[in-house]
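Taken in order, these protein sequences are the chains called B and F.
Following the numbering used here, the numbering of the first sequence begins with 1 at its first residue and continues without gaps.
Following the numbering used here, the numbering of the second sequence begins with 187 at its first residue and continues without gaps.
Please keep in mind that the hints were generated in silico from the structure rather than gathered at the bench.
The C-beta atom is built at its ideal place from N, Cα and C for all residues, glycine as well.
Among the clues, some could well be false.
Derived coverage of chain F by chain B (criterion: at least 3 residues anywhere in the stretch with Cβ under 8 Å from a Cβ of chain B; other residues may be distant) [unchecked claim]:
(1) 200-207
(2) 226-239
Which residues of chain B face chain F? A few of them, derived with a C-beta cut under 10 Å, are [said to hold, decoys possible]:
(3) I53
(4) F144
(5) H173
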Amino acid sequence: MRERHVATGDEATDLALIDQWKNGDTLAATRLVERHADALARFAVSHGEREEIEELVQDTFVRAFGSLASFRGESSLRTWLFTIERRLILDRRRALRRARVTVPADEHSALTEMTPLDSVIAEETEERVRVAIDRLSPTQREVFTMRVAEGLSYAEIARIVGTTEGAARVHYHHAMRAVKEFLENG
Amino acid sequence: MGDCINTEIRDALPDLIHERLDTRARARVEAHVAACSDCAAELALVRRAASVLALGAPRMDAQRIAARLPTGAHARREVQPIFGRPRLYQLAAAIVLVVLGAGVVRMTLQSGNEPEPVVAGGVATPVSGIAMVGGIEALTSDDLATLVASVESLEAVPTTEPEPLQLTSYDLGQGEAAQ
Numbered sequence: 001m002r003e004r005h006v007a008t009g010d011e012a013t014d015l016a017l018i019d020q021w022k023n024g025d026t027l028a029a030t031r032l033v034e035r036h037a038d039a040l041a042r043f044a045v046s047h048g049e050r051e052e053i054e055e056l057v058q059d060t061f062v063r064a065f066g067s068l069a070s071f072r073g074e075s076s077l078r079t080w081l082f083t084i085e086r087r088l089i090l091d092r093r094r095a096l097r098r099a100r101v102t103v104p105a106d107e108h109s110a111l112t113e114m115t116p117l118d119s120v121i122a123e124e125t126e127e128r129v130r131v132a133i134d135r136l137s138p139t140q141r142e143v144f145t146m147r148v149a150e151g152l153s154y155a156e157i158a159r160i161v162g163t164t165e166g167a168a169r170v171h172y173h174h175a176m177r178a179v180k181e182f183l184e185n186g
Numbered sequence: 187m188g189d190c191i192n193t194e195i196r197d198a199l200p201d202l203i204h205e206r207l208d209t210r211a212r213a214r215v216e217a218h219v220a221a222c223s224d225c226a227a228e229l230a231l232v233r234r235a236a237s238v239l240a241l242g243a244p245r246m247d248a249q250r251i252a253a254r255l256p257t258g259a260h261a262r263r264e265v266q267p268i269f270g271r272p273r274l275y276q277l278a279a280a281i282v283l284v285v286l287g288a289g290v291v292r293m294t295l296q297s298g299n300e301p302e303p304v305v306a307g308g309v310a311t312p313v314s315g316i317a318m319v320g321g322i323e324a325l326t327s328d329d330l331a332t333l334v335a336s337v338e339s340l341e342a343v344p345t346t347e348p349e350p351l352q353l354t355s356y357d358l359g360q361g362e363a364a365q
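Work the whole structure out from these sequences, hints included.
Below, the structure written as structure tokens:
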């Protein structure tokens with residue numbers, strides 16, 4: 001049986017903003033976007049997306065707000081948003097494959113892709129950590145990123161990726177071991 | 187960098203940096219990290235990884251994104267569907283009333299001169315303007331709306347002492363009521 005989700009302080013704020021938006025408060029929508037947009041951008045990047053990130057985040061919010069009336073708070077709003085965005089990323093990749101466009105191979109080759117933002121990262125250690133994360137398998141990187149960057153629980157991660165809590169925990173610890181080994185052995 | 191055998195503490199390290207631990211749990215984890223070099227190293231790695239991941243993504247323009255979102259009026263229209271639960275119960279009650287009413291009408295037609303059966307439990311408000319021909323599928327939307335209005339007008343508690351229930355059975359061949 002799935003545990004009943006109890007809203008934390010942050011989630012109570014999200015629910016209150018949703019109610020305000022339903023009652024016509026447009027500023028509440030802006031507040032909700034401010035609270036979650038950057039996290040959605042990080043989530044997209046962690047999945048190897050590099051182009052049109054804002055468009056992806058925009059599409060996620062459009063989908064979410066289009067069905068916000070049916071949001072019951074059974075999971076946190078952010079978990080729900082991540083679930084929507086993850087589906088959009090998969091749809092985008094399927095569409096690119098159908099159009100026979102080469103999908104940026106960020107699953108394994110971020111090593112050779114140096115974006116202007118990379119140059120900001122001066123510390124060699126931080127760069128090595130980034131490379132270590134990019135070398136993870138897609139599932140490990142997805143779970144590791146959600147756990148480390150967003151602080152999501154294993155239950156929330158499991159709900160987003162469609163697996164079990166136990167499997168999410170195993171993926172995280174395998175990812176952590178892989179990152180440590182890369183940093184130790186190069 | 188080794189792995190501490192205390193997986194419970196290791197699982198809590200991301201929660202520590204995201205401030206998702208209560209006071210007691212936080213104190214317990216911090217005390218362990220202070221005494222365990224493996225967990226201290228892993229905590230530092232978790233912090234660094236969180237920082238790297240945060241830096242790797244562009245900042246979003248929340249105002250621009252919010253400007254393209256639907257308004258809340260869209261949601262308000264959706265929260266009161268015609269087949270929301272209160273309406274559903276009323277419709278279910280209307281269907282029961284129609285079925286009972288159809289049964290009464292049929293019994294009355296079959297009995298001919300027989301007195302109309304008494305409805306136990308209070309006053310049966312006649313529903314006017316609806317032809318009881320055919321099954322419920324023959325009713326129009328207006329008919330259903332009238333039935334729903336009738337259900338709403340029914341009193342929940344009978345205002346008079348209920349009449350004793352007369353049970354009748356019919357011998358179709360003889361058409362006589364057996365008592």
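The hints, checked one at a time:
no.	hint	in the structure
1	200-207	holds (count 5)
2	226-239	holds (count 9)
3	I53	6 Å, holds
4	F144	8 Å, holds
5	H173	7 Å, holds
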